[in-house]
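Protein sequences appear in the order of chains A and B. To convert, note that position 69 of the first sequence is 69 in the working numbering; the numbers rise steadily by one, no gaps. To convert, note that position 266 of the second sequence is 266 in the working numbering; the numbers rise steadily by one, no gaps.
Because the hints were derived from the structure by calculation, they are not lab data. C-beta atoms are modelled at their ideal positions from N, C-alpha and C, and glycine is treated no differently. Watch out, some of these pointers could steer you wrong.
Claimed, not checked - Short, incomplete list of chain A residues facing chain B, as computed with Cβ under 8 angstroms:
#1 Tyr211
#2 Asp213
#3 Ala217
#4 Gly219
#5 Leu220
#6 Asn233
#7 Ser237
#8 Pro308
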Amino acid sequence: MPLLGFIFRRVLQTIPTIAFILVVTFILVRLLPGDPASAMLGDRAIDADVQRINAKLGLDQPIPVQFLYFTKAVFTGDLGNSIGLKLPVIELIAHRLPVTLMLTGMAALIALLVAVPLSFVAALNRGGAPDAIIRGTFQIGLSMPVFYVGLVLLTVFAAKLRWFPVGGYGQNFLDDLYHLFLPATTLALSLSAVLMRNLRAAIIGVVGADYVDFARAKGLRARVIMTRHVLRNALISTVTLFGLSIGTLLGGAVITETVFAIPGAGRLMIEAIYGRDYPVIQGLTIALALLVSFTFLLTDIVQAWLDPRVAR
Amino acid sequence: MTAPSPDRKTAGGGLKVRGLTTTFATPRGPAAVVDGINLDVAPGEIVGLVGESGSGKSITLRSIVRLVREPGKVSGQVEWQGRDLMAMSEADLRKVRGAEIAMIFQEPMTALNPVLPVRLQIEENLSAHSTLDRRARRQRALELMNIVGIPAAERRLDEYPHQFSGGMRQRVMIAIALASSPKLLLADEPTTALDVTIQDQILKLILDLRDRFGMSVVFVTHDLGVVAATCDRMAVMYAGRIVETGTVTRVFAEPHHPYTRGLLGSVPRIGAERSMLLSIEGTPPGLTDLPDGCAFHPRCSFATDRCRAERPPLESFAAGREVACFHHRTVAAMAEAA
């Protein structure tokens, strides 16, 4: 199977990526103004205490040694303690990140469910009224900022119509889905607009291909031709775009979680930045960066699976 | 496989095309790419459809099974085993396409789906037209790969089109076309994109399949050498119309249309005295601004005022021979004299 070989090679390639993420995070934290000891002790810190804490944290060691300690700590899941909340960072992340993942995942799913069928309708009616309406609507969606769309949806569906809660998070899985629906839709709107533009163009390109005519000459059903021959080929470029958009989506979650008061990793990040909570910022940065590189890995694998020419 | 319906043998076996016309709306008005074509193909017969690029050969072929894309409009009559394909519902036509009438395309590179293994591309024809189960489909796919002469078929079934050479890809396409044992094969320049040696193998394969399975073939090509090597009868097309028909032997020996004569004059022949190859002056006309009268008259050395004013109809002048030229007797006499 060439695909297995491809996956193996692609996984190996993520090792330097991860190393790079660690180096950058390590350097960034050390470039931040102020030092952890002063932050912990406050204004009236005496030199002896500062030195004692620096020694305890290993900050009196040479930088390369510090980096080794740092790497070891990251791999053992020890990301330090939050300065503000006095809790292990790893616990905070474990608590908050799933919320963000669920929000992002739900948004991605909604975006796909909206974009795929509408792209087909638009592409197959190219230049007609459905095409114009669909493209026009999404053009507007694309040009509105996430926080604004969020506020509009909140005002209409939560405050006025009371179909959905104004914010917060649920008690169980179904309740979570219910609470996350509006924020996920907010995130999904711009993503589905981007996906639709791409997929519509891809479908138009593929529908004209010789192999689609050949599939028709075989006497296949229209549904088989559309899914097996058209959609599968059209998705190849869209999958890459989709994967890259997940990174943007995680960034968008920071804003959405704030607007909808969702206790996710995005909100945690905002709180940590306001509170100068360096260990939390550092831990979240690493977690999100790893998540994004994992998404890219997955994207490449899906792409290779869709298009065997990639895995060669 | 479903048993053939009883009327299939009794009702006139082959293909009978009458007045097939395909028009495209263009900014400069409608253009008839195919203009009133009549064509008969008997069971087991190979008919060559010959002409320059843009003469409407490929569109004719696609029009027969209504595979012309929007904004193309197809009209006329295509009688296949007693049924009119033009009047059929899309669902009924689907049962004919790929099952009774199969098609192969010019470019094996673009006609195979790049992201699906060839096994699936063969088997999906069987899924559409037979009740074979998974195992039987796989078995049949393997058998087809062997019929068309693909070495190591078992292993190659799960490979993708990009892993095959051009000739092998064309064999795959033929295997797909043969999957449901069609009665008629529409071949659209199947050898044009291939090396001469591979071309020869593919032609032999098609002839062999005709002999083994009694298949009829409509062979579209611009290569008269291919016609001479494979076809029983031929129809010469110019600007969307048929200008001459007859058996390959008769047309080659005695072309009656100046265009056919020109085409034949541009082919070097082994054994013939070495002479300058003739070429036809000028280029084929654009289909939106066809000249009045005979479409060929601006390039024709036999043209008279009548040719410029009146369009010559395709008329029979001998058994099994038709031509659309007012001066065909003169043309034939010239050919003999030369």
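Results for each hint:
| no. | hint | result |
| --- | --- | --- |
| 1 | Tyr211 | 4 angstroms, holds |
| 2 | Asp213 | 6 angstroms, holds |
| 3 | Ala217 | 4 angstroms, holds |
| 4 | Gly219 | 3 angstroms, holds |
| 5 | Leu220 | 5 angstroms, holds |
| 6 | Asn233 | 6 angstroms, holds |
| 7 | Ser237 | 12 angstroms, violated |
| 8 | Pro308 | 5 angstroms, holds |
In summary, the structure is inconsistent with hint 7 from the numbered list given earlier, while agreeing with all the others.
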